[in-house]
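> One letter stands for each residue in the lines below.
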Amino acid sequence: MKAHTRKGWMLALTFALVATFASACSSNNGNKNAASPSASAPASASASESGTEESTSPYKEKYDPPVEISTVWGVDPALKFKNGETIENNVSTKWALDTLGIKINSLWSVTDTNNAFVTKMRLSMSSGQKMPDTVTIGDAQLAQDLIDTGMFQDVGELFDKYANDTWKKAMELDPGVWNPYMRDGKKMGIPVLDYAYNHDYLLWIRQDWLDKLNLEGPKTLADLEKIMDAFKNQNPDGLKPDKVVPLSIGFKTTMNTWMGDPSWIFGAYGTVPGQWNVAADGSLEWGSINPASKQALETIKLWRDKGYIPAEAALWDENKTSEPAVAGTAGIIPGPYWMSGWPLLDTAKNVPTAVWKPYAIPTGPDGKAGRHGTNFTSGVTLINKDMKNPEALFTYQNYLFEHLADPAKGSQWDLGVFKGYDYDLDASGNPVYLDKIPGGEVNINRYWLVKDGARIPDAQMKSLLALADGKEPETRLEKEVKNNYGPETPAAAKVLLSQPGISISDMFTGPSTPTMSSKQDYLKKIELQAYNEIIYGKKGVDEFDKFVANWKSSGGDQITKEVNDWYATTK
Amino acid sequence: MYHKTASYRVFNVINTTILLLLALMCIVPLVHVFAVSFSAKAAADGNLVGLWPVNFSVEAYKKTIDNPVFLGSLLIAVKRTVIGTLLILFVACLAAYALSKENVQFKGRSIYAWLFIFTMIFNGGLIPFYIVIQKLHLMDSFWVLILPGAVNVWLTILLMNFFRGIPKELEEAALIDGSGQFGILFRIYLPLSLPALATLGLFAMVWHWNSWFDGLLYLSKKEQYPLATYLQTVIVSRDLSSMSFSKEEFDLLSQKTINAAQIFIGALPILIVYPFLQRFFVKGLVMGSVKE
Amino acid sequence: MGYLRRTWPFHLMVLPALVFLIVFNFLPMAGVTMAFMDYKPWLGFSKSAWIGLDHFRALFEREDSIQVIMNTFIIAVSKIVFNLAVPFTFAILLNEVRQRFLNRSIQTLVYLPHFLSWVILGGILVNFLSTDGGLVNRVLGSFGIGPIPFLMDGDWFRVTIVASEVWKEFGYSTIVFLAALAGINPSLYEAAEVDGASRWKQTRYITIPSLVPMAIVVGTLSLGNILNAGFDQIFNLYNSLVYDKGDIIDTFVYRTAINDGNFGFATAVGLFKSVISMILIVISYRLAYKWANYRVF
Numbered sequence: 001m002k003a004h005t006r007k008g009w010m011l012a013l014t015f016a017l018v019a020t021f022a023s024a025c026s027s028n029n030g031n032k033n034a035a036s037p038s039a040s041a042p043a044s045a046s047a048s049e050s051g052t053e054e055s056t057s058p059y060k061e062k063y064d065p066p067v068e069i070s071t072v073w074g075v076d077p078a079l080k081f082k083n084g085e086t087i088e089n090n091v092s093t094k095w096a097l098d099t100l101g102i103k104i105n106s107l108w109s110v111t112d113t114n115n116a117f118v119t120k121m122r123l124s125m126s127s128g129q130k131m132p133d134t135v136t137i138g139d140a141q142l143a144q145d146l147i148d149t150g151m152f153q154d155v156g157e158l159f160d161k162y163a164n165d166t167w168k169k170a171m172e173l174d175p176g177v178w179n180p181y182m183r184d185g186k187k188m189g190i191p192v193l194d195y196a197y198n199h200d201y202l203l204w205i206r207q208d209w210l211d212k213l214n215l216e217g218p219k220t221l222a223d224l225e226k227i228m229d230a231f232k233n234q235n236p237d238g239l240k241p242d243k244v245v246p247l248s249i250g251f252k253t254t255m256n257t258w259m260g261d262p263s264w265i266f267g268a269y270g271t272v273p274g275q276w277n278v279a280a281d282g283s284l285e286w287g288s289i290n291p292a293s294k295q296a297l298e299t300i301k302l303w304r305d306k307g308y309i310p311a312e313a314a315l316w317d318e319n320k321t322s323e324p325a326v327a328g329t330a331g332i333i334p335g336p337y338w339m340s341g342w343p344l345l346d347t348a349k350n351v352p353t354a355v356w357k358p359y360a361i362p363t364g365p366d367g368k369a370g371r372h373g374t375n376f377t378s379g380v381t382l383i384n385k386d387m388k389n390p391e392a393l394f395t396y397q398n399y400l401f402e403h404l405a406d407p408a409k410g411s412q413w414d415l416g417v418f419k420g421y422d423y424d425l426d427a428s429g430n431p432v433y434l435d436k437i438p439g440g441e442v443n444i445n446r447y448w449l450v451k452d453g454a455r456i457p458d459a460q461m462k463s464l465l466a467l468a469d470g471k472e473p474e475t476r477l478e479k480e481v482k483n484n485y486g487p488e489t490p491a492a493a494k495v496l497l498s499q500p501g502i503s504i505s506d507m508f509t510g511p512s513t514p515t516m517s518s519k520q521d522y523l524k525k526i527e528l529q530a531y532n533e534i535i536y537g538k539k540g541v542d543e544f545d546k547f548v549a550n551w552k553s554s555g556g557d558q559i560t561k562e563v564n565d566w567y568a569t570t571k
Numbered sequence: 001m002y003h004k005t006a007s008y009r010v011f012n013v014i015n016t017t018i019l020l021l022l023a024l025m026c027i028v029p030l031v032h033v034f035a036v037s038f039s040a041k042a043a044a045d046g047n048l049v050g051l052w053p054v055n056f057s058v059e060a061y062k063k064t065i066d067n068p069v070f071l072g073s074l075l076i077a078v079k080r081t082v083i084g085t086l087l088i089l090f091v092a093c094l095a096a097y098a099l100s101k102e103n104v105q106f107k108g109r110s111i112y113a114w115l116f117i118f119t120m121i122f123n124g125g126l127i128p129f130y131i132v133i134q135k136l137h138l139m140d141s142f143w144v145l146i147l148p149g150a151v152n153v154w155l156t157i158l159l160m161n162f163f164r165g166i167p168k169e170l171e172e173a174a175l176i177d178g179s180g181q182f183g184i185l186f187r188i189y190l191p192l193s194l195p196a197l198a199t200l201g202l203f204a205m206v207w208h209w210n211s212w213f214d215g216l217l218y219l220s221k222k223e224q225y226p227l228a229t230y231l232q233t234v235i236v237s238r239d240l241s242s243m244s245f246s247k248e249e250f251d252l253l254s255q256k257t258i259n260a261a262q263i264f265i266g267a268l269p270i271l272i273v274y275p276f277l278q279r280f281f282v283k284g285l286v287m288g289s290v291k292e
Numbered sequence: 001m002g003y004l005r006r007t008w009p010f011h012l013m014v015l016p017a018l019v020f021l022i023v024f025n026f027l028p029m030a031g032v033t034m035a036f037m038d039y040k041p042w043l044g045f046s047k048s049a050w051i052g053l054d055h056f057r058a059l060f061e062r063e064d065s066i067q068v069i070m071n072t073f074i075i076a077v078s079k080i081v082f083n084l085a086v087p088f089t090f091a092i093l094l095n096e097v098r099q100r101f102l103n104r105s106i107q108t109l110v111y112l113p114h115f116l117s118w119v120i121l122g123g124i125l126v127n128f129l130s131t132d133g134g135l136v137n138r139v140l141g142s143f144g145i146g147p148i149p150f151l152m153d154g155d156w157f158r159v160t161i162v163a164s165e166v167w168k169e170f171g172y173s174t175i176v177f178l179a180a181l182a183g184i185n186p187s188l189y190e191a192a193e194v195d196g197a198s199r200w201k202q203t204r205y206i207t208i209p210s211l212v213p214m215a216i217v218v219g220t221l222s223l224g225n226i227l228n229a230g231f232d233q234i235f236n237l238y239n240s241l242v243y244d245k246g247d248i249i250d251t252f253v254y255r256t257a258i259n260d261g262n263f264g265f266a267t268a269v270g271l272f273k274s275v276i277s278m279i280l281i282v283i284s285y286r287l288a289y290k291w292a293n294y295r296v297f
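Protein chains in written order, with UniProt numbering: chain D, 1 to 571; chain S, 1 to 292; chain F, 1 to 297.
Derived from the structure by calculation, the hints contain no laboratory data.
Here the structure is a predicted model, which is why all the values come from computation and not from measurement.
Please note that a few of the clues may not be correct.
Claimed, not checked - Estimated spans, in silico, between C-beta atoms of each pair: (1) E223(S) to A568(D): 48 to 58 angstroms; (2) D386(D) to N55(S): 15 to 25 angstroms; (3) V194(F) to D177(S): 29 to 39 angstroms; (4) L97(D) to P269(S): 35 to 45 angstroms; (5) K63(S) to P487(D): 20 to 30 angstroms; (6) A279(D) to L24(S): 43 to 53 angstroms; (7) K82(D) to W52(S): 30 to 40 angstroms; (8) P68(S) to D426(D): 21 to 31 angstroms; (9) P68(S) to K161(D): 43 to 53 angstroms.
Using N, Cα and C, we set each Cβ at its ideal position, and we do this for glycine too.
So here's chain D without its partners, still in its complex pose (with noise of 0.2 angstroms):
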């Protein structure tokens, strides 16, 4: 009974616990293997040795006979297969053999829900299984251990070698993304890009209320303390001030997330909380101790008192922010430009005269305004030591920049990718999407052997602005954006890129330096815990500043001297 229930418990946790963590300690002295000048001689001799046969470089367009990557697959648990098929056997692994000579070959997979793909990962590691060819790793910590292991090689050579020009071009727009997975200058994996601005938000709020109140769009912090007050005491759909949230935000585990986000507010004062910004003297500071932080904190705890933000925003999470803005009875909700498909769609349905618009950011009181940037890779990756064909992988990545990333109109895969699967025709040869498929539509971006397939960073928001301007989509990238996101989406991407200075990325993207590994969550309790007694009135706001102190002499000295010392390494 009750043991026997704990003990179920015991059990998960010891899961949880064993199987999420990672290997500590992964920058220091763990590069010796990865260093070390044998990494890339296996890849050069295979090389050499299949370039024998054909005297040339051994890439080709398409292999004869075909030659074989192996991998191992995290299964998004969505994802739908047809016709019988696995994800080890289907339209698109049928696709590469035939189009391109490549075999892809499934050493395992998993269903990759409650972090299973990364626990297995870890777990076929220590029982010592084949490691694939090549790996797309999502999970940052997981992806430094890979490279720690030295079972992987310098891919720097191979990119600039095998890579084609849309995918150069790609990587070139933030040479950044190399950063996290540099080791002594030798770049040992490929960033896999994804769409920038993702993460960066903007405030949505409700027009039908400003209109009713004949209230502009906040350009300030001090319009947007109006149009609270306005929200909340006079409000246009008669609630209660007690039962409106005029802006919803929550910070349950950090200042800085995605939806129902509070660090721009920090942003209006100077500073972004919960990352790396750069200082006025070029080196990195972390954010919540910047003296900015403090006013932001004064702003909160008054807005706060006043009744703007939710009670009990301590306790809400992000889907906890969003309850409020979908029963509309709040009024504003920062969050990404896409939110307008989800879930801010569902307003209507509970109150049918809702109308979310997106604004931009307001600025503070000197003009300064800030959120946090997105980074422009969704993960890494890898290419094993001893795979015998590495330009194989460029075969396949090539082919998909070149013709599914954004490829001009007119291209081979314009009304989509896999008749039958992600499009179909209807008898008079017209393509239908979605649920007008024979069988229903599957997301065939994910069965590629590289996460999404290829994405350019910014080709996404390109297209939405061009159908913001009234464009008709054209082009593949054009439809798709128009098939999948909501209404408002491409105006929403307008406004967000009528400030594309104030995003501030976090600029550490370095393995986790050692003292962080034993000091870093201590320091973001202390931070959080004093951030919330100020915001709550426990403490007064000069708490800030023994916070501050507190923050330097626990070990928040240290990490930022390590974390200047690994930026230096990317200068």
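Assemble chains S and F onto chain D, guided by the hints.
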């Protein structure tokens, strides 16, 4: 007769009322979850559902059940629970009976008992366990769901204590009649231990029915998953900070109604079994037979 | 030889359990050596470096180590006590409900919350316990109490944690005692009736003593959780306002492990918890044997 006294009657009324209130307290959140599971997604996401569904919808149930894998996973779960529970009971009965003997009769029992307890408290973690599973070639085998959980020390100790409550005279009489220890266990002890076995069986069943992590980790195909593991894969928990998904996934992102529906889909079979087990908690079953 | 002839059936009966335990428990137990290693998955057990007691030192050297361990201990002990006392009492009271239909209905209803997960329950509790129009505070408010910051004040947080856990599990836990009640010899009650003993006296001198051995067993075994304060529950409910009273060993290990990841450290903490549990179990086993002459297992 105490039943007839006025004070006992007053007590009985008050007691029953309090317990009913307590039961009500237990059921209110469940009714809420039930209402959420039958509500429209928009209402659930807005936290607008109280104790009655808002904009009635069976969408959440449909999404969960409408998968070719669902029925198969249900069958596997039943198979796992039946076989697994029987194995736990079988192993526990044997061990518990032996351990229930006094030191005099079974010298060395304490060593076994402490070995058992030791495994309850200490464990080596997931990595070595995984290696063992691999070396035994249990990966991707149905038996990986059954064999590692075959010994439940907690239940064994519990059963041992129930066995101790059975009068020694029965064993002694049987021994004189020439019965062996196995005969005594199966012909005398087990029939007398129905309440205990029902309890154990219930715990073992619930445990097997709800276990999902082993399936996820040691089985690679969805077709092999038991229900609990399958249910884990219905909810899309995505790291939204690296957003990249399609329209259909937007729909799945709203988890509240599906989450709620899963509770009932997952628990219903077990809940149905319970009232049948309750009939074994009949008073006096054990001792009644001892009376001449 | 005579020993074996007399006891072989018993050894044979223990054998299946023993074989399973050796394969699936004792063999993997070699893994605890990780607690003393800077374990790297790709190096495995044979090549990872030995670092002695460093992980244990790390556990105790943090500024908030003592606080976290004390939080864990206080919450876990309260849970153990109430998780024993409430089902015990409840079983006895339920036993007095004579109407079979009511008895069974109550029994069934109270065991249902066991099937809710803390992920779901966490969300529900945040709603129900909100100081801002939550159901519980509204009810209390109508009596002129509160609002009580159940989740935002450290001391209330502990109360909430223990109470909600007991609420969730007591029905399920009662089943063991119901089974024990079913085992009481009815002739005892019949004899007491003849002697004219009141119901209270019957409860005091027959029912309770019959349940005590089961309570001792359950209680002793639950000492295995002396440093498990309930990870799932606290992880879903805690927040920075209650860190000083609500942060426990498991949440702390989870956070540090996510950030820097360390198999060895997690194993070391597990080992520390196991050792403490084992010591307490041995002590309580001895005490029960000495004072009650009762062998728990």
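> Against each hint, give a clear statement of whether it holds in the structure.
Each hint, compared with the structure:
1. The beta-carbon spacing between E223(S) and A568(D), approximately 53 angstroms, falls within the hinted interval of 48 to 58 angstroms.
2. Look at D386(D) against N55(S): about 57 angstroms separates their beta carbons, and that is not inside 15 to 25 angstroms.
3. Against the hinted window of 29 to 39 angstroms, the Cβ-Cβ separation of V194(F) and D177(S) comes to about 34 angstroms, which satisfies the hint.
4. A hinted range of 35 to 45 angstroms for the beta carbons of L97(D) and P269(S) is consistent with their spacing of about 43 angstroms.
5. For K63(S) paired with P487(D), a C-beta distance near 24 angstroms keeps the hint of 20 to 30 angstroms intact.
6. Between A279(D) and L24(S) the Cβ separation comes to about 59 angstroms, which falls outside the hinted range of 43 to 53 angstroms.
7. At roughly 38 angstroms, the beta carbons of K82(D) and W52(S) sit within the given window of 30 to 40 angstroms.
8. For P68(S) and D426(D), the hinted distance range of 21 to 31 angstroms is satisfied, since their beta carbons lie about 26 angstroms from each other.
9. The hinted window of 43 to 53 angstroms between P68(S) and K161(D) holds, with their beta carbons roughly 45 angstroms apart.
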